[in-house]
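Participant: Fit chain B to the supplied structure of chain A, relying on the hints for placement.
Protein chains: 2
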Amino acid sequence: MKVVFIGHGSSGWTAATTLRAWDRAAEITVIDKKDYDAYHPCAMPYAIGGLWEDESPLIESMNYQMMKINFLRRHEALKIDRQNKKVTAKNLENEEIIDVEYDYLVICTGSKAKTPPLPGIDGKNVYALKWIEDSARIRKAATNASKVAVVGASAIGLEVATELAHRGIETVVLARSRIMRLLIDPDYANDTVKLLEEKLPKLKIIVGIGINEIVLDSNGMAIKVTTDQGDFECDFVVNATGVQPEVTLAKEAGLEIGESWAIVTDDELKTSDPNILAVGDCAETTHLVSKKPINSAIATCCVRMARVAAMTIARPGTLKFPGTMNNFIVPYIDLRVGSVGLIKKAAEDAGFEVVSAKIKTHNKPPYMPDAKELYFKILVDKNTGKLLGAQAIGPDSITDNLNVVSMGLQSEMTFQQLLEADLCYAPAVNETIYPVTQALEMISRKMLRRQK
Amino acid sequence: MKVVFIGHGSSGWTAATTLRAWDRAAEITVIDKKDYDAYHPCAMPYAIGGLWEDESPLIESMNYQMMKINFLRRHEALKIDRQNKKVTAKNLENEEIIDVEYDYLVICTGSKAKTPPLPGIDGKNVYALKWIEDSARIRKAATNASKVAVVGASAIGLEVATELAHRGIETVVLARSRIMRLLIDPDYANDTVKLLEEKLPKLKIIVGIGINEIVLDSNGMAIKVTTDQGDFECDFVVNATGVQPEVTLAKEAGLEIGESWAIVTDDELKTSDPNILAVGDCAETTHLVSKKPINSAIATCCVRMARVAAMTIARPGTLKFPGTMNNFIVPYIDLRVGSVGLIKKAAEDAGFEVVSAKIKTHNKPPYMPDAKELYFKILVDKNTGKLLGAQAIGPDSITDNLNVVSMGLQSEMTFQQLLEADLCYAPAVNETIYPVTQALEMISRKMLRRQK
Numbered sequence: 001m002k003v004v005f006i007g008h009g010s011s012g013w014t015a016a017t018t019l020r021a022w023d024r025a026a027e028i029t030v031i032d033k034k035d036y037d038a039y040h041p042c043a044m045p046y047a048i049g050g051l052w053e054d055e056s057p058l059i060e061s062m063n064y065q066m067m068k069i070n071f072l073r074r075h076e077a078l079k080i081d082r083q084n085k086k087v088t089a090k091n092l093e094n095e096e097i098i099d100v101e102y103d104y105l106v107i108c109t110g111s112k113a114k115t116p117p118l119p120g121i122d123g124k125n126v127y128a129l130k131w132i133e134d135s136a137r138i139r140k141a142a143t144n145a146s147k148v149a150v151v152g153a154s155a156i157g158l159e160v161a162t163e164l165a166h167r168g169i170e171t172v173v174l175a176r177s178r179i180m181r182l183l184i185d186p187d188y189a190n191d192t193v194k195l196l197e198e199k200l201p202k203l204k205i206i207v208g209i210g211i212n213e214i215v216l217d218s219n220g221m222a223i224k225v226t227t228d229q230g231d232f233e234c235d236f237v238v239n240a241t242g243v244q245p246e247v248t249l250a251k252e253a254g255l256e257i258g259e260s261w262a263i264v265t266d267d268e269l270k271t272s273d274p275n276i277l278a279v280g281d282c283a284e285t286t287h288l289v290s291k292k293p294i295n296s297a298i299a300t301c302c303v304r305m306a307r308v309a310a311m312t313i314a315r316p317g318t319l320k321f322p323g324t325m326n327n328f329i330v331p332y333i334d335l336r337v338g339s340v341g342l343i344k345k346a347a348e349d350a351g352f353e354v355v356s357a358k359i360k361t362h363n364k365p366p367y368m369p370d371a372k373e374l375y376f377k378i379l380v381d382k383n384t385g386k387l388l389g390a391q392a393i394g395p396d397s398i399t400d401n402l403n404v405v406s407m408g409l410q411s412e413m414t415f416q417q418l419l420e421a422d423l424c425y426a427p428a429v430n431e432t433i434y435p436v437t438q439a440l441e442m443i444s445r446k447m448l449r450r451q452k
Numbered sequence: 453m454k455v456v457f458i459g460h461g462s463s464g465w466t467a468a469t470t471l472r473a474w475d476r477a478a479e480i481t482v483i484d485k486k487d488y489d490a491y492h493p494c495a496m497p498y499a500i501g502g503l504w505e506d507e508s509p510l511i512e513s514m515n516y517q518m519m520k521i522n523f524l525r526r527h528e529a530l531k532i533d534r535q536n537k538k539v540t541a542k543n544l545e546n547e548e549i550i551d552v553e554y555d556y557l558v559i560c561t562g563s564k565a566k567t568p569p570l571p572g573i574d575g576k577n578v579y580a581l582k583w584i585e586d587s588a589r590i591r592k593a594a595t596n597a598s599k600v601a602v603v604g605a606s607a608i609g610l611e612v613a614t615e616l617a618h619r620g621i622e623t624v625v626l627a628r629s630r631i632m633r634l635l636i637d638p639d640y641a642n643d644t645v646k647l648l649e650e651k652l653p654k655l656k657i658i659v660g661i662g663i664n665e666i667v668l669d670s671n672g673m674a675i676k677v678t679t680d681q682g683d684f685e686c687d688f689v690v691n692a693t694g695v696q697p698e699v700t701l702a703k704e705a706g707l708e709i710g711e712s713w714a715i716v717t718d719d720e721l722k723t724s725d726p727n728i729l730a731v732g733d734c735a736e737t738t739h740l741v742s743k744k745p746i747n748s749a750i751a752t753c754c755v756r757m758a759r760v761a762a763m764t765i766a767r768p769g770t771l772k773f774p775g776t777m778n779n780f781i782v783p784y785i786d787l788r789v790g791s792v793g794l795i796k797k798a799a800e801d802a803g804f805e806v807v808s809a810k811i812k813t814h815n816k817p818p819y820m821p822d823a824k825e826l827y828f829k830i831l832v833d834k835n836t837g838k839l840l841g842a843q844a845i846g847p848d849s850i851t852d853n854l855n856v857v858s859m860g861l862q863s864e865m866t867f868q869q870l871l872e873a874d875l876c877y878a879p880a881v882n883e884t885i886y887p888v889t890q891a892l893e894m895i896s897r898k899m900l901r902r903q904k
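Those sequence lines, one after another, are chains A and B.
Residue numbers for the first sequence follow our numbering, beginning at 1 and rising by one.
Residue numbers for the second sequence follow our numbering, beginning at 453 and rising by one.
For reference, chain A alone in the conformation it holds in the complex (with noise of 0.2 Å):
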C-alpha cells in the first residue's frame, strides 16, 4: 500500500508516524517544501520571548530513514491527479518534476496568516507567526526594538504581544473588534485586556480602532501605523489578524470545500474522494455541540485527526473522529486563558437560549497562602439543561477545570450530571468545591429557581 502525505505540520508528522506504529509494509512518502524535521509551533511565541538562545529546542529530528519514511524535502506538491492516484512535485533544489503514486493520499496542508487588505502589510518588517523561520525572524528583530505594532488580536498575536512587552518593548496591540473574537464572550476579553495591561506596564491594548495604514519608508520598511486614534511608531509589525485553511490544491483537484473555507471530511477523515484524506488546519470538520461544520486551526485538533486518519488507513473503523470544539487555551506569561465549546453569540447562532453563570474564585481555597485569582463562566442550555461551553482566566488549574467542562460536552451532559461529577480534590491543588462546580452551583440556582 502507497501511502502520501502532503505538508509535514503537526498533521503531517502525526499522521505519517501513527502509520507506521500500525503497518510495518506500507509505502510511505512525505512531500513538503521547508528543509527541516518537525518543529513545536506552540512554542514559537516563548522563544520570541527569549526563552531560549533560539528556536532549534522546538525542532524534532525524526528519524524517519529508521522509520523508513521517504522524506521528500524542499519538495513542492503541484497537483493531485485523482484519476490516475498520484501526485506532481518539483524538487526546489534542482527544479526537477517528479510524480508520486499514492493509494491513499493524505492532505496536511495546513493553513497560511491571513493578509489583510492593509496598504504597507506587505513592508519588510511586517511578520505574520506562522512558520519557524518567522519565530526566529521576529526574535532577531525584537533584540534591538524599543516599539512594536501588532495589527489585530488573535490569540496567538496576543501571545507574541506579551512576550515582546515582558522583554520589555513598548507593546501595542491594534484590533479593529475586540482580541480573540471568535474564542472567548466580550466580557472575558475586557477581563483579559485589564488584566494583561496591569501585569505588563509596557503593553496596551486598544480595541474598536479603525486602522489606515502602515507606513513604509523608501526601504519597504515600517515605520508607523497611522489609525482614526492617532499615530504609532514602531520599529517593525507584527501582522495578528489570524490564518485561513490552505486548500489551493484540494481545490484545484475538484475535493469539496466546505461553508468554513476547508476541505470536507467525514468522520474517518476522508474528503469527498475516499482515497483521499484530510487533517488539520486545512480540514473541516463538525462542531461537537453546534453540529455546524467547522474549520479549527488548533493543535489538539491536528494531532487527534491525524491519529483518525492514520487508523482508518491502517486500522478501517476502529476509530473515528468525533468532531471538535475547538477547545484552547493560551498562556500570556504566567495567565492563562481558555475556552471550551460554544461562546455565547456561537451558542445564540446555533439556536441555543443561554443561561450563564459567572464567579470570580481562586485555584486553592484562600487559606493557602499561594492561592491565585480564577475566573470562570460556564454555558447552559435554557431548555434541556445542557452544556454549551465554558470560559476561564487564571493560573494553569483553569485547564483542569475547562477540560472536566470539555469531557461533559462529549458526553452531553446536563448541568445536574456535571454538578455531581466526581473529581479530585486535596486543597494544595484546587479549591474545596472546584471553579466549575461554583459555577455550576449558581447554574442551579437559575435553572430550579425558577421552576418553583
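Read the hints as simulated data drawn from the structure, not as lab findings.
Just so you know, not all the hints are guaranteed correct.
Stated by the list, open to error - Each pair of labels, with its calculated beta carbon distance range: (1) Glu27(A) x Arg901(B): 46 to 56 Å; (2) Asp555(B) x Glu373(A): 52 to 62 Å; (3) Asp555(B) x Lys320(A): 32 to 42 Å; (4) Met66(A) x Pro568(B): 52 to 62 Å; (5) Gly769(B) x Glu252(A): 55 to 65 Å; (6) Thr318(A) x Glu479(B): 51 to 61 Å.
What the hints assert, rightly or not - One side of the interface only, derived from the structure: several residues of chain A facing chain B at Cβ under 8 Å: (7) Ala43; (8) Thr227; (9) Gly230; (10) Val308; (11) Arg315; (12) Phe321; (13) Pro331; (14) Arg336; (15) Val340; (16) Ala421; (17) Cys424.
All C-beta atoms in this analysis are idealised placements derived from N, C-alpha and C, irrespective of residue type, glycine included.
Facilitator: Leaving out everything else, chain B in the frame of chain A:
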C-alpha cells in the same frame, strides 16, 4: 418543615447551608459535640508541617445566626426515635437532656480513627489525625520531637509523615502490608515510597513489617515501637491505620447497615427510613465502576452527597447521587499521588479482565525548562474496551489527567472515545500528547494489535 442534622463536619455543614440556600422557611437544627464552627480537615497536615502558626486559618466562621440555623454546639445526640421523629440530645456543658423533632433527619456522623489491637496504642502521645484538636496536638508535639514513628500507611497518615520529615524530624513509617493499600496498585506504591525517600532524607518507609508493641514508659508515654525488624525509638507515635464509619446511633435506631459497615443510602441519600438521610463518611453508596457498595471517606464524596441530600429535601428529584469512584489526590510536599476508578485488584475482584498501560512522561513538553516527570497508568476492561481506572504520580497536573479519566468513567467511555477526547493544550500547561492520551495510545496498541 423541621430538619435536623447530626454532625457538623464537611457533610453536615455543606448539607445544612445548602438546604438553607434553597429553603428559607425550613427550621434547621444542627447538633454537634464540638465547640467551634466548621473547619477544613484536608489541610490539617500542612498545619502540622508548619505552614501556619496554628490551625486557626482552617476554621470557617459560619454565621449561623444570620442564616437562621439553630446550631446546638457541645451537644451529643444520644438517640434517634424514629417512631416519634425526634432526636434526644445532651448538652455537654450542663448535662441537660433535650428532644428535637424532625420531619427529615440527616445523619452526618462521619468516621472515627481505627484503633488496631496493638499493645500501647492507648499511649498518651499516640495520636491519630482525625479532629482539629489532633492536628494541634501533633503540631505541638512536633515542635520538640526529633524522632517519630508512624504506625500504618494510610494516604493521610503518610501525608503527616512527609510533613514531619520535611520539618526535619526523623520519621519512620511502619506498615504491615503496603502503603495506600486500597488506593493504588503495588507498583505505584513502591514507586511512591522510592520517590518520597529520595525527596525526604529524614523519611524511612518500611513495609511488610510485623509490629509487636508500642512500648510505654511509667507515665503512659510511648517511647519506642518494637517490631520483627528491630526497635524504633520515638518521641511520639502517629496512628495512621485509617478510619471507619461512625454508625452507632444509626445502628441503634435500626437503620440498615451495609456490607461496607456504613449506612445504606439510595440515589437520593435516603436510608432505609425515608425520613432519614445519611451523608459523608458514615454513609454507604455505590461504586460507579464496580457497581458494588462502597463507603468513601473522601471529602469530595461528602460534599457531593451533602448537596444531593439537601436537594432531596428542598427540591425532591432534581438532583440524584450517581455514586462515587473514591477519586483522590494526596500531596506529599511537592509530589502528588492520585487515583480514579478501580485499582487492579478491585477491578479483578469485580470480575473485569484488566489490560493496563503504564508510562513515564512529563507534565509539559521536555523542551520546556520547567518540565517535570510524571507517572501515569490506565486500566481498561479487555472485553468491552471500557475504562476502569487510572493512577498517577507527579506534579499538580496529574489532577487534570485523572479528572479527564474520571469524567470518561462517569460516562462509561471506551478507550477509543477517551483517546479522541478534545482537551485544552498549550506547552506551558501540558504535554503535547496528554499523559492520559499517551497511555491510551499504548492501550490501543495492546487491544487492537491482537485483533489483526
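Participant: Each of the hints needs a verdict: does it hold here or not?
Facilitator: Hints, verified against the model:
no. : hint                              : in the structure
1   : Glu27(A) x Arg901(B): 46 to 56 Å  : 21 Å, violated
2   : Asp555(B) x Glu373(A): 52 to 62 Å : 41 Å, violated
3   : Asp555(B) x Lys320(A): 32 to 42 Å : 51 Å, violated
4   : Met66(A) x Pro568(B): 52 to 62 Å  : 57 Å, holds
5   : Gly769(B) x Glu252(A): 55 to 65 Å : 59 Å, holds
6   : Thr318(A) x Glu479(B): 51 to 61 Å : 59 Å, holds
7   : Ala43                             : 4 Å, holds
8   : Thr227                            : 31 Å, violated
9   : Gly230                            : 34 Å, violated
10  : Val308                            : 7 Å, holds
11  : Arg315                            : 6 Å, holds
12  : Phe321                            : 6 Å, holds
13  : Pro331                            : 4 Å, holds
14  : Arg336                            : 6 Å, holds
15  : Val340                            : 7 Å, holds
16  : Ala421                            : 6 Å, holds
17  : Cys424                            : 4 Å, holds
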